[in-house]
Amino acid sequence: MQNSLREERFSIETTIVNILIILLMSTGVIFSLVTALGLIRLPDVYTRTHAASKSSTLGVLCVLTATFIHFWLVEGIFNTQMIIAIAFLFITAPVGGHMIGRAAYMSGIKVAEETVRDDMEGALKERKKRLMDNKTTEQ
Amino acid sequence: MMMFYWISLIVVSIGFTGLLFRLVKGPTIADRVVALDAIGISLVSIVALLSLITETEYFLEIILLLSILSFIGTIAFAKFLERGEIFDRNNNR
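Residue numbers (the numbering used here), protein chains in the order written: chain A, 1 to 139; chain B, 1 to 93.
Be aware that one or more of the hints could be misleading.
[Unchecked claim] Which bits of chain B does chain A cover? Going by a derived footprint, with three or more residues having C-beta under 8 Å, they are: (1) 9-19; (2) 32-41; (3) 44-53; (4) 60-66; (5) 69-79.
[Said to hold, decoys possible] Not the full set, but computed from the structure, chain B residues with beta-carbon under 7 Å of chain A: (6) R22; (7) T56; (8) E57; (9) E82.
[Stated by the list, open to error] Cut-off 27 Å, straight-line C-alpha distance, at most; resulting in silico cross-link-like pairs (DSSO-like, lysine-lysine): (10) B:K79 x A:K110; (11) A:K128 x A:K110; (12) A:K54 x B:K25; (13) B:K79 x A:K129; (14) A:K125 x A:K110; (15) A:K129 x B:K25.
What the hints contain is simulated information worked out from the structure, not anything from laboratory work. All C-beta atoms in this analysis are idealised placements derived from N, C-alpha and C, irrespective of residue type, glycine included.
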């Protein structure tokens with residue numbers, strides 16, 4: 001009697017863990033697909049950066065969390081490198097997107113025609129002027 | 001459960017081919033760098049799914065390495081696009 005009870009409890013635990021893994025993994029996979037859709041469909045470098053940094057970060061975080069939970073609760077391996085990788089990706093992926101967007105604006109790539117408002121209009125001229133000033137002082 | 005992991009791997013791979021399309025087509029260099037960044041992140045999830053399918057934990061060490069390398073590559077490309085050089089020795093910008 002007790003043995004069968006323990007087996008039943010074990011199977012319930014396995015089911016809960018599997019449901020958790022399936023939920024996290026489906027979220028991550030759907031967001032990865034949304035990333036590809038955004039990168040193909042959006043009209044502009046800046047909107048593409050927006051798609052590539054946010055949704056792909058969330059997608060990969062969900063997939064890595066599901067992998068971590070699978071290895072921890074099913075196979076009994078507590079992998080510390082996964083936690084470090086999750087934290088690292090959470091910090092660095094949006095930073096990379098921001099750096100690419102800034103570099104694209106500073107190298108003079110035009111915004112899309114549908115853009116309503118461009119807050120950084122004067123920044124390019126200012127930077128060019130400053131670069132010229134630096135060159136003259138160096139000479 | 002194994003079937004679910006296979007389906008997830010196939011769907012992520014479909015997204016990966018979409019990113020490859022943007023990498024090849026992209027009108028400007030910045031588009032290609034954005035696509036490369038997203039490819040690096042998508043490769044991390046592909047490695048995680050492969051380690052789930054093959055049931056080994058040894059692939060998990062690649063995940064941290066790939067994320068670090070992808071971030072460093074993105075930052076190097078961004079600095080190269082912005083100033084034309086990766087290491088700038090000019091202290092007073």
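Going down the list of hints, with the structure as the test:
1. 9-19: holds (count 8)
2. 32-41: holds (count 6)
3. 44-53: holds (count 6)
4. 60-66: holds (count 4)
5. 69-79: Since three or more residues must qualify, the claim that chain A covers the stretch 69-79 of chain B holds, with 7 doing so at under 8 Å.
6. R22: OK, holds: R22 (chain B) within 7 Å of chain A, min 5 Å.
7. T56: violated (10 Å)
8. E57: holds (5 Å)
9. E82: holds (4 Å)
10. B:K79 x A:K110: This hinted pair holds, its Cα atoms lying about 19 Å apart.
11. A:K128 x A:K110: holds (16 Å)
12. A:K54 x B:K25: OK: K54 (chain A) and K25 (chain B) at ~22 Å, within 27 Å.
13. B:K79 x A:K129: Holds, at about 19 Å.
14. A:K125 x A:K110: Holds, because 14 Å separates the two Cα atoms, which is no more than 27 Å.
15. A:K129 x B:K25: violated (34 Å)
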